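*Asks:* Okay, here's what each chain looks like letter by letter:
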Amino acid sequence: NAGVTQTPKFQVLKTGQSMTLQCAQDMNHEYMSWYRQDPGMGLRLIHYSVGAGITDQGEVPNGYNVSRSTTEDFPLRLLSAAPSQTSVYFCASSYSQGLAGKYNEQFFGPGTRLTVL
Amino acid sequence: AQSVTQLGSHVSVSEGALVLLRCNYSSSVPPYLFWYVQYPNQGLQLLLKYTSAATLVKGINGFEAEFKKSETSFHLTKPSAHMSDAAEYFCAVSDAFMNYGGSQGNLIFGKGTKLSVKP
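Chains as they are written, first to last, in my numbering: chain A, 1 to 117; chain E, 118 to 236.
Derived from the structure by calculation, the hints contain no laboratory data.
Remember, it's a predicted structure, so these values are computed and weren't measured experimentally.
Built from N, CA and C at the ideal position, the CB exists for glycine as well.
Keep in mind that the hints are not guaranteed to be accurate.
Here chain A is said to cover these stretches of chain E; the calculated rule only asks that three of the stretch's residues, wherever they fall, bring their Cβ under 8 Å from a Cβ of chain A [what the hints assert, rightly or not]: (1) 155-161; (2) 175-186.
With a Cα cut of at most 16 Å, we get these calculated EDC-like pairs of lysine to aspartate or glutamate [what the hints assert, rightly or not]: (3) E:K166 / E:E183; (4) E:K166 / A:E105; (5) E:K228 / A:E59; (6) E:K228 / A:D38.
Construct the complete structure from the given sequences, taking the supplied hints into account.
*Replies:* Laid out in structure tokens, this is it:
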């Protein structure tokens, strides 16, 4: 298993450009999520999905769009990049938290480092 | 709402000394708690997790953490620091509760503590 993969590893954008960060997992996980990591802020949840066709907002969703057409893929779109979106982005996945008392561990990808000029 | 607070954004210890990284949580019901480690320019790796009644949790690389309900704490310790322990450590709480199923399991992270180990 490759686990959680993210592409690209690095990206530089100009303000106003759009792009899609790719995330894929091969573990048949229902749950997938996107976090951003900023110095001194920890990781903050952007969007998440509990299955194909179902997405919801996290703590910091503004400026980002997501869709989940397959179980394996969960792309994150920046429609009009801004310098405030300079960050490291992590994708994570897990089985769904269906049963009380049984926690399903989240697995993280290696991250995408994005700079917006 | 649940939250975690990590005390100290930077901690420096000498090689061989005790490592103590502090984490306090806020939750009205028994939470799932986690410690993750991030080595430079890498992703997050799970160190250990509290998901049961066992209050002392052992993780990888000699780390352990104790869940103390009375103090709402989940501090991470290691008896003897090694140079390879230098990294950033994150405490996190899940919005999935132990007594209830069917939630998303989103993680709420603390701001992180950077551990330096001096030779």
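*Asks:* Does each hint hold? Answer for all of them.
*Replies:* Hint check results:
no.	hint	verdict
1	155-161	holds (count 3)
2	175-186	violated (count 0)
3	E:K166 / E:E183	holds, 10 Å
4	E:K166 / A:E105	holds, 9 Å
5	E:K228 / A:E59	holds, 14 Å
6	E:K228 / A:D38	holds, 9 Å
When each numbered hint is compared with the structure, a violation occurs for hint 2 only.
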